[in-house]
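Protein chains in written order, with the working numbering: chain X, 2 to 185; chain U, 19 to 373.
Keep in mind that the hints are not guaranteed to be accurate.
As the list claims (entries may be wrong) - Calculated lysine-lysine pairs in the DSSO-like style (CA-CA distance at most 27 Å, straight line):
1) U/Lys339 to X/Lys168
2) X/Lys50 to U/Lys88
3) X/Lys168 to X/Lys151
These are computed hints drawn from the structure, not numbers from a lab.
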Amino acid sequence: MNINKDLALYFIFYLIFISNISFSQQINDEVKDILISTFGKSSTIKFTKYEIEKNAATKIEKQVKQKFYNSAVYYYQIINNDKINGYALLDNVYGKSLPITFLVLFDNAGNIISSQIVKYREQYGGSVKNPQWNEQFIGKNYSSSFEVGKEINSISGATISVNSVTKGIQKLTLLIKEIIENGE
Amino acid sequence: MKIIILSIIGIMLINLSLFSQDFDFAEPQVNIGGYGELHYNKQKLGNQETKTMLDFHRFVLFFGYNWNEKWSLKSEIELEHNYVYSGQGELELEQAYVNYHYADYFGFQAGVILPSIGLINENHEPPLFFGVERPDYHNRIIPTTWFGSGAAVYGEYFGFSYKVTILEGLNSDKFTASSGIRGGRQKGYKPEADALLYNARINFINFEGLRFGASYTYNDAKGDSTNIPVSITEFHAKYEANNIYSVFEIGNIGYKNSNIQTSFGYYFDLGYDVASLVNWDVDLIPFIRYSDTNTASSVNDNLNDNELYHFKEFMVGLSFKPISQIVFKVDYSQRIREFDKQITYLFNLGLGYMF
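Please work from the sequences and hints to get the whole structure.
Below you can see the structure in the form of structure tokens.
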């Protein structure tokens, strides 16, 4: 049985060793990589920290039944040949206790091109990172329904994350509509 | 050997914290959560009523604190059966650990933790499983909630998730033919640490709606005079998509130097969200379950233990979730004892919540 004990310890040792030498990508770099791979290398990316107007925030929060994580979101405009080609918003929602950082890409009419989890910080519920699950949001916009268990499948073992990320994405579809309408 | 490795682990953990992140969104924060469940249980043995109870079975408070996005404390305190009096009812510290989340592929935790065995031990909130009471399998074969002092590493990589746990062991003197290893849990109460328990689990999580995996657990369980080595092998799968809900779990416990040689069980759930048919924005899920559990599936002596503790159960039920974190449940089942084909009829109502 001592062999088993040692094996378990060696395994832990190995995992920690691997994690030490692996490279950790910064959120900012990762977002830029995603934007460039979607919109092309010739795109110019304009980044601002976007302060959400209070009334708009309240309206969206009431409709979606989830508060914004912060008074501002991270806002990216993707510009090709002096024309806005698309948008991206980076925001957070709470999982069970820690924030989940996610990015939603929109076309210039506010329809979702893609969504992804940029950073997940909890032991459980990480399956919301699954690209297939995120594909369900493609094409949705402010007028779409985002019911978990109906339009959006739940994920076993990730119920809380699924609910909060889904609401988070819905909030951003409503916010991008405001942003586009205000011509910002 | 152990000491050398553990000190290297320590040094490496200190190294890890030197990495810093931009866009650091996580601020120190206290989190509170919880779950609870009220049960109405009615039981008949043949024509005779054997139990009628209205029980607030579990009240659980979750308390957590994040120092930053990597270091956090998670804890869970549970009151069972509402009142604690001379061995009746239970007050338990079911989880209390410091968690270090380095990245998705690696995290570490130590304290009072949960081994990763089966679907329910780590995810046991009532809206997450069918039936008012937890499945028989998770009582008789896998003794949920199984918690104890220990440490674990976990992570996700390429659609696999793993967790390796080292935990206080089991007390082999408390193993019985009628409830398997259940009584052997030390529950973190001044636990013997002579013979630790080793548990490893792997899941495949990259198929949409489907999660499946397996775990292996070994403990050279110590008693006053004899040791009973036990090994638990189990497989679990859960499918939740397109309004279909299905679960299958199967597990075996092998014992050495013991009258009981194996405990074995499995169950299968199938449900369908009928609210989806009429576009109602709630979940209304009728389900069926078949369950077969035997805590003494093979024994050394010539007694009838392997039939006495063999139960087959057929259940029909309904889960109604007005919102995803509140559930009303009803179920009806027949449990047949293999030995004499004696039938117990069970009817349960329940209300559960989580937040």
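Results for each hint:
no., hint, in the structure
1, U/Lys339 to X/Lys168, "18 Å, holds"
2, X/Lys50 to U/Lys88, "25 Å, holds"
3, X/Lys168 to X/Lys151, "14 Å, holds"
Against the hints set out earlier in the document, no violation occurs for any number.
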